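Chains as they are written, first to last, in our numbering: chain Y, 201 to 606; chain L, 201 to 606.
If you're looking for bench data, these hints aren't it; they were derived computationally from the structure. Everything numeric in this text was worked out from a predicted model, so none of it was measured. There's no promise every hint is true.
Treat identical chains as interchangeable: a pair holds within one or across any two.
Derived DSS-like pairs: lysine-lysine, alpha-carbon spacing no greater than 27 Å straight-line [said to hold, decoys possible]: (1) K415 with K586; (2) K349 with K237; (3) K349 with K415; (4) K237 with K586; (5) K415 with K563; (6) K586 with K349; (7) K349 with K419; (8) K419 with K563; (9) K423 with K349; (10) K237 with K563; (11) K349 with K563; (12) K415 with K237; (13) K563 with K423; (14) K563 with K586.
Number of protein chains: 2
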Amino acid sequence: MLPLAFLLAAGSDAARLPLLMFVVFVSAKLMAELFEKLGQPGIVGGILAGILVGPQVLNWVEPNEFLTALSELGVMFLLFKVGLEVRSSELFRVGGTALLAATAGVVVPFFLGWGILLAWGEPQMEAIFVGAAMVATSVGITAQVLASKQLLAATASKIILAAAVIDDVLGLLILAAVSSMARGSVNITELAVSAALAVGFTMIVATLGTRAMGKVVPKIEEKLSVAEGQFALAIGLLFGLSVLAIYAGVAAIIGAFLAGMALAETVGHRVHDLTTGVAELLVPFFLVGIGLHFDLGVFTDPPVLLLSGVILAAAVVSKLIGCGLGAIGMGWADAMRVGVGMIPRGEVGMVVAQIGLGFGVIKPSIYSVVVFMSLATTLVAPPLLKWAYRGVEPGAEAAEEPMRIG
Amino acid sequence: MLPLAFLLAAGSDAARLPLLMFVVFVSAKLMAELFEKLGQPGIVGGILAGILVGPQVLNWVEPNEFLTALSELGVMFLLFKVGLEVRSSELFRVGGTALLAATAGVVVPFFLGWGILLAWGEPQMEAIFVGAAMVATSVGITAQVLASKQLLAATASKIILAAAVIDDVLGLLILAAVSSMARGSVNITELAVSAALAVGFTMIVATLGTRAMGKVVPKIEEKLSVAEGQFALAIGLLFGLSVLAIYAGVAAIIGAFLAGMALAETVGHRVHDLTTGVAELLVPFFLVGIGLHFDLGVFTDPPVLLLSGVILAAAVVSKLIGCGLGAIGMGWADAMRVGVGMIPRGEVGMVVAQIGLGFGVIKPSIYSVVVFMSLATTLVAPPLLKWAYRGVEPGAEAAEEPMRIG
């Protein structure tokens, strides 16, 4: 500790960047390694590394704009990489189940969160915002667990990915609705336009993207003179669709995922490898970024701690029940996997809470409760996922699937 | 243009990051492609893209801390990647020539810059700072040209890389000396300590790094449970040595280069591929970052423009003569390649000028002259390099080398 503390204190301007990169990257990898050695998911170690080096414990690293940007790039490249391993036709095959799981996974948490806050004696608007924050699904963590364990080919994983895309659109609409309620008026036309734009963008890219890229990419590529032209095209599409996704009202990572999926059948193994390089560098910043925002403050106030525990339990159970019931047609085991996979709220839940804070409709203590719930659901999901996917072979369809040969 | 301008104006907070990434990356790649099609080095296109989207022309992108950080990471990964392709034993084999080339390449530009400024009637201190700024070599641009054309194996390329490392140490000492002169006192002991630290760090890592990594990396790696463990170790070493390099007084990219070289004989092809992915993403930010700082202001003031032209010519000729003469023992063709390869001053020259500006010993017009020289040398080097390396086969030793068989 001493030499590092000395270096950090003595840190010249020039050393700041590589030192920050070193501390974040190495702490995330060391903790991930420790957790893997203990038989736990490395991803939890990465998030805990963020709590450890962050303001709450060692105070080596403070959240800042640069780290936030690296964190966003990290989860964009992660979802892009996941998209590269998924065919849109496979998502559409499980589309009905995913729609059911996503919808039930939105309705159940919303009403449970709302009900609990009302029962706790909190005002109506605050209860609605907490309900809205419990709706969100942050698919990044689940995607990283599934990708690192090579479980993306399992049916349940496809349902999770499709449901996460749908969930993002539903979450956008709920956020738009509660935001206009907080402003005092709900404009149905505006909501309908938002819905049409988000659904339209997602559906068009998901249905036509693969075919369009299959025609366009090889044609452009054969004319390119720059080195690694296919990768350059892929990155251009990744950032381009991320921008368009935001303008269509959905998250940048949905655009990144759709970009990957559109290219899944076109690009070669080289693009996978180069993308993996970027993801390996940046995903630790995504994990540590989550941990940096952890606020241990809720532990100092017993009533807030109690509410945090209740909301956390409700957040876990409501997604399990909602998403699980939605996917129950696939069998109990897959339903459980889908339910667990949709538990993490991550940064999405925190954004909803921040908006509520901005409108002045939720108070700081409730904001802390939501932040705690968002991060705690993110921490509990990886071990639950590991348990739910026990017995599923890496790279194979889920255990319940009929064997293809024999 | 219209839709982009519209999007930029309408840009929500969430869209800013992917939009910035998109504009910088795609403009760099488009311009690189255009230049390659015209038979010119793509790297020049990347820098011109920065001028184009920067404040001087379209004003779509302003230099900011985030872009500066991505640019620094880009050149660090670039030098790390170059290091991975170089064996330290090969650098030591050309060490004598490199030392001669670096030293002459420091002495000639310094005195030429100093003399011109004095002849121009500028004060002594200002002349010394311009001389010091003309000493710097920014090896990033040359490294990118050589790496992309697979010319790193040529003898001249080895001399350039070794000379660039030595040049960085010499440049540090000159900067330390002129900075203390600007403060009014030169502390010889302090300079000697700086020299010992910089030379010591560089020599120890260059001589012992390869053997140490050859022993340590396989041992640690076989015990690792995290995925892509070798790449994680490589990144840790890259950032760790970059930090130590700065504390030893040399540039972060020298640390990154030494890290790559230390691992060159240990890590597998997978680490090369993953590193290439990161470099492919980030190097365009390095190139655009250079262009963003281009100041067209010197073109509006005829006397300043004249001085800029003279200084630019002196900067090119003095490195050609200095480094070329230093390497003349390798034959005329290699001497020319080394001279040309050391021409770019890049960000290093600008940093010296900034320090002079900070001490108040150089005036803004002379600062513009130095910035112009730094960037113009960076722009002229790639086509000159292409010309100097004509006839050298990619992946082969330089044409003058005796054939190994036959």
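Checklist entry - Out of the numbered hints, which ones does the structure contradict? => result Violated hints: 1, 3, 5, 8, 10, 11, 13 and 14; rest satisfied.
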